[in-house]
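Next come the chains, spelled out residue by residue.
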Amino acid sequence: MNTPTLFGLCAVALVGVGLYGLIVNPQPLRKILAFNLIGSGVFLLFGAIARRGAAVGMGGDPVPQALLITGIVVAFSATALAVALVLRLFDEAGSVTLAPDAPAEPPDA
Amino acid sequence: MPHSLSTPDVTTPGGLLLVLAVLVPFVGVLAGMVLGGRGARRVALATLAAGLAIAIAIADTLVRSGAAVVYLLGGWTPPLGVALRADGLAVIMLLAVAVVIGGIGVYARADFGTPPGVREARAPFVFWTLLLAVWGSLNLVFVSGDLFTLYVALELLTFAGVPLVSLGGQPETLRSALRYLLYALFGSVLYLLGAVLLYGAYGTLDIGLLAARVHPEPVTWAAAALMTVGLLAKTALFPLHLWLPPAHAGAPAAASAVLSGLVIKGSWFLAVRLWLDVFVGVVTLPSAQTLAALGAAAILVGNIVALRQARLKLLIAYSTVAQIGYLFLMFPLAAGLAAAQLDDAAAVNGGLLQAISHATAKAAMFMAAGLVYTTLGHDRIADLRGVARALPMTLVAFALGGASLIGLPPSGGFLAKWLLVSAAITTAQWWWALVMLVGGLLTSAYVFIVVVRALAPAPEGWTPKASVPCYQQVAVLALALCSFLLGLAVLCPVDVAGIGRAVVPGIGSP
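Here the protein sequences line up with chains A and B, keeping their order. Counting with our numbering, you get residues 1 to 109 for the letters of the first sequence. Counting with our numbering, you get residues 1 to 510 for the letters of the second sequence.
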């Protein structure tokens with residue numbers, strides 16, 4: 001087994017674990033962490049693809065690496081936004097749960 | 001080979017307008033951030049006017065030249081560079097969004113205005129900057145020709161849409177916003193995974209080049225499936241719609257109009273782009289049937305649940321769930337037409353018209369519900385007596401929007417459903433026509449319930465809680481009229497949506 005394949009398999013495992021966590025875990029913070037796991041898996045896969053697509057004499061295909069950095073920034077901002085929402089929800093409600101307890105009561109129009 | 005989106009190697013005349021369409025809203029966001037409060041509102045309204053002019057100029061360029069408008073960023077051709085590209089589909093969406101955002105902007109002047117002498121608050125400032133951000137991201141989704149740029153555009157759209165949900169700041173709206181964000185992140189990470197797989201297999205992310213290179217094999221199927229499911233989660237197609245009703249119903253009326261009318265159309269548009277232009281030879285008719293089956297389930301479930309709602313805003317939100325279903329009926333119809341070597345324009349135009357007429361109608365209906373709430377102090381459907389007396393123009397707007405959702409002539413909804421039904425009959429897929437007819441009946445039931453309740457005379461001595469400015473009612477009515485008269489688009493001499501799209505070879509053909 002060569003290195004890119006090994007990294008690709010690790011990426012697949014990360015995505016799988018993350019997807020499981022995102023769907024199964026009820027707590028928002030764990031869901032956010034699971035999202036980050038999937039994200040890491042995707043980025044790792046992209047890195048493996050960059051290594052595999054390397055031209056002669058080059059360490060890797062530069063395009064995925066450039067896109068990777070953008071992807072990481074986007075995932076970071078998404079995480080920051082989600083954590084900010086969780087914190088605000090805790091301040092307002094005193095607990096953090098996504099249970100749809102009262103969707104029938106839109107508080108504002 | 002299917003090669004519907006070949007990018008010319010040069011920037012076409014007027015290509016710079018595409019850059020402006022994306023850049024101007026974001027410049028408005030930054031200027032609004034710097035100026036704050038009242039300044040943000042002024043900047044937003046000025047940008048709305050400028051953006052509408054840009055959209056009209058792009059449409060004019062497209063119709064005159066009869067070919068797609070292209071701009072190569074930095075003069076680099078794909079796959080090295082990134083191209084912005086607007087064909088007929090994109091330009092129609094650009095125009096529609098500019099009109100709807102304009103209407104919402106006029107309406108929101110009252111709800112999110114800061115009159116002289118009043119302290120500047122946070123919600124109006126956030127609303128105006130995010131309104132522009134939503135608009136810029138949508139424009140980027142429409143004109144971008146690169147899968148990764150599209151990923152960034154979709155994420156921007158999410159980041160601008162989520163805070164709009166929780167503008168009120170109550171725990172319940174924060175919870176809806178968080179749920180929406182988690183669904184959207186799930187969707188975007190799946191989309192990104194699909195894009196990465198495509199890059200690994202074909203070495204490019206440019207839509208035009210990919211369309212020429214993809215061929216049916218496991219990696220392409222996996223990528224197509226991942227990207228489609230991701231986009232469905234963002235579009236809130238049944239059964240991934242659970243986040244939508246609380247999020248759209250809890251937001252302020254103007255924000256609901258943006259979310260329900262426009263934001264979900266971004267990811268839908270991308271799904272159309274992928275299925276019709278990129279994965280033409282890869283997706284199969286059964287997979288398109290699956291998408292439409294989900295759409296049919298959305299129509300039935302959304303409409304029936306909407307009928308059972310006690311509150312006007314939740315009713316409208318569930319009606320959005322149902323209307324999203326119609327948007328996905330076009331896929332097997334377009335595939336069927338293409339497979340029969342016929343022009344798929346009927347199905348594509350039908351889907352596009354459905355998107356536009358829903359955007360205008362739903363924005364008008366949400367804003368009408370907002371005016372009702374302001375006037376009555378509540379939006380319980382059982383208690384709407386007196387609305388017709390207090391808000392005649394708004395009730396007419398609601399009824400016209402409802403007529404467009406039902407599909408009464410000459411509304412846009414009528415023309416859209418007519419095109420889709422005739423495509424269904426041409427391709428011998430009569431069951432989709434049946435679903436559309438049943439959906440129309442259910443829609444008419446809840447629209448009539450609301451209108452009849454609102455027409456009941458007010459109790460003795462009843463006075464409105466607050467009066468609403470006339471221009472808000474006019475803005476709502478104007479959007480509803482747009483939707484109602486959209487059926488006249490049939491008189492348009494040019495098939496605008498078809499410009500820049502070559503006739504696509506059938507699904508499954510080499």
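Hints were generated in silico from the structure; no laboratory data involved. Hints should not be assumed to be uniformly reliable.
[Claimed, not checked] What the simulated footprint calls covered on chain A by chain B, stretch by stretch (three residues with Cβ under 8 Å from a Cβ of chain B suffice, anywhere in the stretch; the number is not a length): (1) 26-37; (2) 63-74; (3) 79-88.
[Claimed, not checked] Quick list of the computed label-pair ranges, beta carbon to beta carbon: (4) A:13 <-> B:23: 37 to 45 Å; (5) B:113 <-> A:77: 41 to 49 Å; (6) A:72 <-> B:19: 20 to 28 Å; (7) A:26 <-> B:35: 13 to 21 Å; (8) A:98 <-> B:474: 34 to 42 Å; (9) B:492 <-> A:99: 45 to 53 Å; (10) B:113 <-> A:13: 26 to 34 Å; (11) A:69 <-> B:225: 26 to 34 Å; (12) A:92 <-> B:23: 30 to 38 Å.
A virtual CB, placed ideally from N, CA and C, is assigned to each residue, including glycine.
Hint check:
1. 26-37: Held - the stretch 26-37 of chain A has 4 residues with a Cβ nearer than 8 Å to chain B, which meets the minimum of three.
2. 63-74: Coverage by chain B holds here, the residue count being 6 at a Cβ distance below 8 Å.
3. 79-88: holds (count 5)
4. A:13 <-> B:23: 37 to 45 Å: 41 Å, holds
5. B:113 <-> A:77: 41 to 49 Å: 30 Å, violated
6. A:72 <-> B:19: 20 to 28 Å: 26 Å, holds
7. A:26 <-> B:35: 13 to 21 Å: 42 Å, violated
8. A:98 <-> B:474: 34 to 42 Å: Roughly 40 Å apart at Cβ, these two residues keep to the hinted range, so it holds.
9. B:492 <-> A:99: 45 to 53 Å: 49 Å, holds
10. B:113 <-> A:13: 26 to 34 Å: Between residue 113 of chain B and residue 13 of chain A, where Cβ atoms are some 53 Å apart, the hint is violated.
11. A:69 <-> B:225: 26 to 34 Å: 27 Å, holds
12. A:92 <-> B:23: 30 to 38 Å: Distance hint for residue 92 of chain A, residue 23 of chain B holds at roughly 36 Å.
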